[in-house]
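Visitor: Residue numbers (the working numbering), protein chains in the order written: chain A, 1 to 78; chain B, 1001 to 1155.
Read the hints as simulated data drawn from the structure, not as lab findings. Even glycine gets a Cβ: it sits at the ideal position worked out from N, Cα and C. Among these hints, one or two may not hold up.
Residues from chain A shown here face chain B by an in silico Cβ test under 7 angstroms; the list is partial [said to hold, decoys possible]:
1) E46
2) V50
3) A53
4) R55
5) A56
6) S60
7) F61
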Amino acid sequence: MLVMRRKRGEAIQIGADVEIRILSVNGAKVKIGIVAPRSVPVVARELELVREANRAAAASFPDAVAAVAEALRLRGNS
Amino acid sequence: MPRCSTRYHGEMEYPEEAVVSFGRGLFGFEEERRFVMIENPAARPIVFLQSVATPELCFLALPARVVDAEYRLEMAPEDLEEIGLEPDAAPEIGGDLLCLALITVRAGGPTTANLLAPVVVEMRRRRGVQAISTAAAGYSHEAEFLEAAGGIGCS
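Bound-form chain B, shown alone (with noise of 0.2 angstroms):
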């Protein structure tokens, strides 16, 4: 089994088909095209989303809807072909689609979680797509998902 060293979780075996093809990669960062989707237990429901070719690379991620329970996700055509769906497809979050926001977080500022640009996860030809969201809504990139801003800094 295929081996890579992770940013959090050390040096992990990974099976092949655990790997999530992003055709173009994540913006800023197009060069990174794989990446394992790893769940800790005991960080649940973070996902932590690490490039098998980077080990430093390592984005924290939440699922959309434990962010914001009423997140839409609205995709344009050419992000619902890049994992496959039909450009005219309706994407709906849960069975195969799995739709997480990076999380930013910041020494003493506030805790973003990135809703207008959505990793989307196709999960059965594990395809991915950071997606720019069309919802009419207007989400934020960087959506504060904590009320208190900063008071994570000194736990």
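This is chain A alone, in the form it adopts within the complex (with noise of 0.2 angstroms):
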């Protein structure tokens, strides 16, 4: 991973279309602002996480109730 040092108001270039701008820094918090096409998908990492979590869990097998009154009742006897 390329890892760069930035302060509040400067940016960096990401081939020739994409740019990334830090807008403010406030504690553990950074504002970041995003200059892309239209045709470059921009979400927080996060989101396409639980994108992938609901589809694997809309996806549980056909026995999954039992699996998690199972699960259950092994955690409440632990």
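Join these two chains into a complex; the hints should help.
Guide: This is the structure we're talking about:
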């Protein structure tokens, strides 16, 4: 992974079309501005993780109810 | 009374006021805006989050505090507004606010609960949102709630 130090107001250019600008820094929170063509999807990483998690949850196998009940029972006993 | 086919409970009748509206759908299922929550006494505390439009789409969910008794709910302002609350409200689980973790069961794998993105339902307005938790604790999208991972596959 390439690591760069940037200050507030500075930017990073990725390729010809994507610019990432550090708008503000407040403690542990960073506000970032992204300029990219419409064809480049920009989502927070956790959103993509949650999409994948939801698809996996929806695909739970047919005995899932019994499996969850069993998981709860085992946990209750631990 | 309207009827819908469900994944786990066959054909069911449901009162229109039982429908929970998700204005943004769920992540990865953005077109699914209407769900009913089915509770089956034999399966308690599991909540079945059944799509009204798609019979085969039914999430298994558990109250977040069943998964983690210490679970704290912190929501972004836009998620609070989505269910009709003030953007600076401090959401408290209980009362009108139901907080569910979606469960994933894998054949031969661990059963996990998504505490990063809880499904939050405002029961009075019947409005729901899948929130991304902003809790500093940093919840995982697949917290294992079963210690012996995989142990359930053989039962």
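Visitor: Would you mind marking each hint as holding or not holding in the structure?
Guide: Hint check results:
Interface restraint check: E46(A) against chain B, minimum CB-CB distance 6 angstroms, threshold 7 angstroms, status holds. Hint status for V50(A): holds, given a least beta-carbon distance of 4 angstroms to chain B, under 7 angstroms. Below 7 angstroms, beta-carbon pairs count as interface contacts, and A53(A) has one with chain B at about 5 angstroms; its hint therefore holds. A distance limit of 7 angstroms between C-beta atoms decides the matter here; for R55(A) the minimum to chain B is near 5 angstroms, and the interface restraint holds.
The beta carbon of A56(A) is positioned within 7 angstroms of a beta carbon in chain B (closest approach about 5 angstroms), and the interface hint is therefore held. With its C-beta approaching chain B no nearer than about 4 angstroms, S60(A) sits inside the 7 angstroms limit, and its interface hint holds. A cut of 7 angstroms between beta carbons decides the hint on F61(A): the least distance to chain B is about 5 angstroms, and the hint holds.
When held up to the earlier numbered hints, the structure conflicts with none and fits them all.
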